[in-house]
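J.: Mind docking chain Z on chain C? Use the hints.
2 protein chains.
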Amino acid sequence: MPGTKVKAENVQRDFELQAAAALALTVAYRGDNFSGFARQDGRVTIQGELEEALATVLRRPVLIQGAGRTDAGVHALGQVVSCGVSEAELQQQNFAGLQTALNALLPAGIVIKGIEAKEPNFSARFSAQAREYRYRLYPSPTPPLFLAPYVWWVPPVGLESVAALKSAARLFEGEQDFKSFCVAKTADRLAAQGLSTHRNLLHVHVFGAQHLGEQCLIIQVIGNAFLHSMVRIMVGSLVEVLLGRRAPEWISAALAACQRQSAGPTAPAQGLTLWRVRY
Amino acid sequence: MPGTKVKAENVQRDFELQAAAALALTVAYRGDNFSGFARQDGRVTIQGELEEALATVLRRPVLIQGAGRTDAGVHALGQVVSCGVSEAELQQQNFAGLQTALNALLPAGIVIKGIEAKEPNFSARFSAQAREYRYRLYPSPTPPLFLAPYVWWVPPVGLESVAALKSAARLFEGEQDFKSFCVAKTADRLAAQGLSTHRNLLHVHVFGAQHLGEQCLIIQVIGNAFLHSMVRIMVGSLVEVLLGRRAPEWISAALAACQRQSAGPTAPAQGLTLWRVRY
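Order-wise, the sequence lines are chains C and Z. Under our numbering, the first sequence has 27 at position 27, and the numbering climbs by one with no breaks. Under our numbering, the second sequence has 1001 at position 1, and the numbering climbs by one with no breaks.
Chain C extracted, bound-state conformation (with noise of 0.2 Å):
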């Protein structure tokens, strides 16, 4: 109902004037059981289900903001939402209650982790300094069993393929134009816009770690933010890599391209989780 939502805004607007404060709210989700988390009308998403119920509980019209729009089936763990308060819902609210009230209407699949106060003009997706994601690979002749809706499950390697594939990562940290490593038809619109394709990974770092007795191989990458689909095709690109198809140095060639062709495919969302957010 397009009417209710310009009434949301328009709501939203008023309260964004008048808040006292902020709530920022750290969400966890399965990204399986959502389309995603940017609202759409006629599909059950992150945003739509966290609006939902806390429009029930203040009782009244709600806008959140989020730190990181994941796609299908990606997961969070840390997820950043915020809205502001008044200074009466301030005051009405304990937030242990709030979270409580909000974890009972959520649907299976999303859990409130935390709720703290904040500053005004504070917003989930304009304050963050860095946004934390891992990708899980399931590297093994045998299927994953436990970790099946959290991993991406490729062939089995050897040591010198994980030494590959870690030198290989470093090659995407620093400051650099990410333009190849993000869906084309968004790269052509920031380049219509005249916004820059350019981002600073602080970190891109791979280690191993065992899950519930499953063994993985995660990537690690931390930056200041992200393109479309950036951390999934670097991910396909860095699997090349892994599996032998590309030597570690392929990384910067296709980095230096500019193109979205001239990277790997990009890797399937179930193996990602946006993992934290730094403010």
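Rather than coming from a laboratory, the hints here were simulated on the basis of the structure. Remember, it's a predicted structure, so these values are computed and weren't measured experimentally. Beta carbons: idealized from backbone N, C-alpha and C, even for Gly. Among the hints, erroneous ones may be present.
What the hints assert, rightly or not - Facing chain C, from chain Z, some residues (calculated, C-beta under 10 Å):
hint, residue
1, Q1065
2, N1103
3, G1109
4, F1146
T.: Relative to chain C, chain Z alone:
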């Protein structure tokens, strides 16, 4: 069909008499997808699914033995099952090919992790030296997300409570009568048959572990053999101590009482995993 079963058992007996070797299969499964390990008419069980897949590949009826008869809902990472094979079957089969074929035939939620040939008199059940179970508690104010199918969610606890849990767990170690920690009906049946309810626990240990970003307490139990529901009643009792409802020494009193009602409740199946079997 009882007729078919009798035939299968006859064929099996023939195979055991003339078995050139035994196959030992290491099997992982999600307990929540099945009605337990043991074959039951009209139910989807681990044993039933494994025997059907093996029968399809070997083109004859197959009966297997398992190291642990896990209840409905209990998971396994390293369950071991065995069956006899003839010299001709041993020659025909390439183990990697057999494993791939079985994994393709088995339903989602069961994975063959490995296959080994053993001496003909090997039995996954009777040759086992020790079995290791792990139980995962999730002490937290908010519900588990990624780990929801694999943990028991309990209230958050402090360090002193964890210390009490650790000292209580140690009281289970050694050769003792576990009659209080066994389903009462089973204990009565064993007593009527003149069988012992003594078992020898080699190691009962508590440690913290983070899986998929969620912090758990793991209760690790290694023993020669286990009574029906023994680990789950041990964990249900230990959680009484963890939550401060009982002192650690109560565990010794519950062991000494030799009656089911002296121990705590049975912990839910979903937190339990048959982790490993040693031969």
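J.: Does N1103 (chain Z) pass the interface check with chain C, least Cβ-Cβ distance below 10 Å?
T.: holds, 6 Å
J.: Does the interface hint hold: is Q1065 (chain Z) within less than 10 Å of chain C, judged Cβ to Cβ?
T.: violated, 22 Å
J.: For the hint on F1146 (chain Z), just tell me whether its beta-carbon gets within less than 10 Å of chain C.
T.: Result: holds, 6 Å to nearest chain C Cβ.
J.: Tell me if G1109 (chain Z) is really an interface residue toward chain C, meaning its C-beta lies closer than 10 Å to one of theirs.
T.: holds, 7 Å
When held up to the earlier numbered hints, the structure conflicts with hint 1 and nothing else.
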